[in-house]
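J.: So the sequence lines, in the order shown, correspond to chains A and B.
Taken in order, the first sequence gives residues 91 to 433; the numbers are from our numbering.
Taken in order, the second sequence gives residues 4 to 78; the numbers are from our numbering.
Simulated from the structure, these hints should not be mistaken for laboratory data.
None of these values were measured; they are calculated from a predicted model.
Don't take each hint at face value.
Simulated restraints, written as ranges between beta carbons of each label pair [stated by the list, open to error]: (1) P72(B) <-> F201(A): 26 to 34 Å; (2) D403(A) <-> A67(B): 21 to 29 Å; (3) G107(A) <-> R48(B): 27 to 35 Å; (4) P217(A) <-> R75(B): 27 to 35 Å; (5) A273(A) <-> D59(B): 37 to 45 Å; (6) D202(A) <-> R75(B): 40 to 48 Å; (7) E77(B) <-> D403(A): 22 to 30 Å; (8) D361(A) <-> D59(B): 50 to 58 Å; (9) A360(A) <-> P19(B): 48 to 56 Å; (10) P72(B) <-> T109(A): 43 to 51 Å; (11) D209(A) <-> G60(B): 50 to 58 Å; (12) G126(A) <-> G50(B): 28 to 36 Å.
Where is the CB? At the ideal position from N, CA and C, for every residue including glycine.
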Amino acid sequence: MIAGAGESPYHRHPPSGTTVETLLADAARRALDDAGLAPRDVDGLAVASFSLAPDGAVELAWKLGLRLRWIMDSRLGGASGLHMLGEAERAVAAGDAAVVLCVAGDLIDDFDAFARDFDTLHREHVPVRGFNPLFALLTQRHMRAHGLARDDYAQIAIAQRAWAAENPNAAYREPLTLEEYLAAPVVAEPLCRYDCPPVVAGADAVVVSREGRVRVRGLQLRVNADQQEGDGLATGLTPLGTDVDLVSVYDDYPAMVLVQLADLGFGSPADVLPRIADGTLSVNTSGGQLSAGQAGAAGGMHGLVHAARALADGRARTALVSGYGMAIYRHGAASAAALLEAA
Amino acid sequence: MRVARCSGCGRLSFPPRLWCPHCGRDAWEPAEVREGVVETATVTRDGDRVATVVLDGGPPVLVATDARPGERVEL
C-alpha cells in the first residue's frame, strides 16, 4: 500500500545550490513526513534518475544514511515510477522489506546533450536532436489514423492547464486559450510549444508499506511491445478498469495521452476528447507534465504522487495511473499502469 | 543504406541488434537497401529535418531528408 507521497518544488531555473540529490532528498523527506515515518524506518529503496549518474541507489542510500535489506535502480524513464511501485509492493508482500522509499527525479542542465547521449541508439542512429521531432512524426501518424487536427490536441493542453490552476507547484497555471495554443511557436511540425512539456528540475517520491491510505489493485508493465517496428500508436497496455474517479496518464505529448486512454479502455479519441474538454473525464488533474513540467524520470512518478494524494485526501476513491517512456529509437519502449483505490 | 539481414528468417533489421526480434537467431549478414517511401516528415524550429522512411522490404527507420510524405527516396 502507498503510505505517503511527496513532490519537491519543480524549478524551471533551480536556485543555486540545488542538485539532483537535494531534489531527491526533498521529495523523499516529504513522502516520509506524509507517511508519518522517519529515515530509520526505511529498509528498502528504489531510485530512478538519469542525472544522478554515475551515482545510483547505493550511493544515494549512503548519503541518506539508510540501512537497507532491499534496493533497486530503475532506468525506465516515464515507466520507472510504476515499475518501482510494483517491485516495492512485491517486496513488502514477500516480507523482504517493511518500508520501501521509491524516489525519482532529475536536474538536467543541457537537454540537447541529455537526448544525444540518452543511449547508444540515439548516439549512433537517431539523425535529429531531441525527442520532440520523434513525437512530431508519431503525432502525424496519430492525426492520420484518427482524422484529428491541431485543435483536437489543443483540448488536452487547455483542459490540463485549467487543472493546473489548482496545483501551486505547476510551472504554468494561467488559463490557456485555443487562440494562444494555435498561435504558439512551432517546435516540430505539427507540435507547438504547448504540446511539449517544459523541462523542470524536480523529484517525486512515494512510500510503500504494509499499512497505508492507498491500495494498489492492479499493475502492468510492458517493454518492447512493438520492437520499434510499429506505428507507436499503441503502448501494449490493456484495460485495468475504467470506472475510476481520476486518470493520470503520461503526457509527454497530447497524442500519447489519447494513445494511453485508448489502450486502457477509456475509448477512442472521438469518445474521450469531449469528456476531457467538459471535465467529465478527469485526466491529469495536477496539470500534468504539459503544465506542471517534466522533471526527467520524475515525470513517471508525478501522476502517481498526485493520484495518491487525491485518494488519501478523499478527493477520489479510485484512480488509474499510467507511465510511458524510453524513446530509444522512434518512440517509447516501456509502459506501465496501476489501478489505485483509497483504503 | 546498410542494414542487417537475419540469417535465420531473412527479415531486415535496423538499427543493428544482437538477436532477431522475429526468430531469435543471432546470425546476421549485411544487406543494402537502396530506396524507401517517406511515411511522415517534420522540420524543427532550428531547421532540422527528419522523416520516417519505410524501407523496401524492411522496417520503418529515421532518415534526415527534405523529402515529403509519399515520396520515394534514395538512401
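J.: Holds or violated: 40 to 48 Å for the Cβ distance of D202(A) and R75(B)?
T.: About 32 Å separates the Cβ atoms of D202(A) and R75(B), which means 40 to 48 Å is violated.
J.: Assuming the hint says 22 to 30 Å, is it satisfied by the Cβ distance from E77(B) to D403(A) or not?
T.: Once the Cβ atoms are compared, 60 Å apart, the range 22 to 30 Å for D403(A) and E77(B) is violated.
J.: In this structure, is the beta-carbon distance linking D361(A) and D59(B) contained in 50 to 58 Å?
T.: violated (37 Å)
J.: Has the hinted range 21 to 29 Å been met by the Cβ atoms of D403(A) and A67(B)?
T.: Once the Cβ atoms are compared, 49 Å apart, the range 21 to 29 Å for A67(B) and D403(A) is violated.
J.: CB of G107(A) to CB of R48(B), is that within 27 to 35 Å?
T.: holds (33 Å)
J.: Assuming the hint says 28 to 36 Å, is it satisfied by the Cβ distance from G126(A) to G50(B) or not?
T.: violated (54 Å)
J.: Just to be sure I understand the hint, the distance between the Cβ atoms of A360(A) and P19(B) should be within 48 to 56 Å; is that true here?
T.: violated (40 Å)
J.: Does the Cβ-Cβ separation between D209(A) and G60(B) fall within 50 to 58 Å?
T.: violated (27 Å)
J.: Quick one: are A273(A) and D59(B) within 37 to 45 Å, going by C-beta?
T.: holds (41 Å)
J.: With 43 to 51 Å as the target window, see if P72(B) and T109(A) comply at their CB atoms.
T.: holds (44 Å)
J.: Is the gap between the beta carbons of P72(B) and F201(A) within 26 to 34 Å?
T.: holds (28 Å)
J.: Measuring from beta carbon to beta carbon, are P217(A) and R75(B) in 27 to 35 Å?
T.: violated (19 Å)
Consistency with the previously given hints fails for numbers 2, 4, 6, 7, 8, 9, 11 and 12, ordered from lowest to highest.
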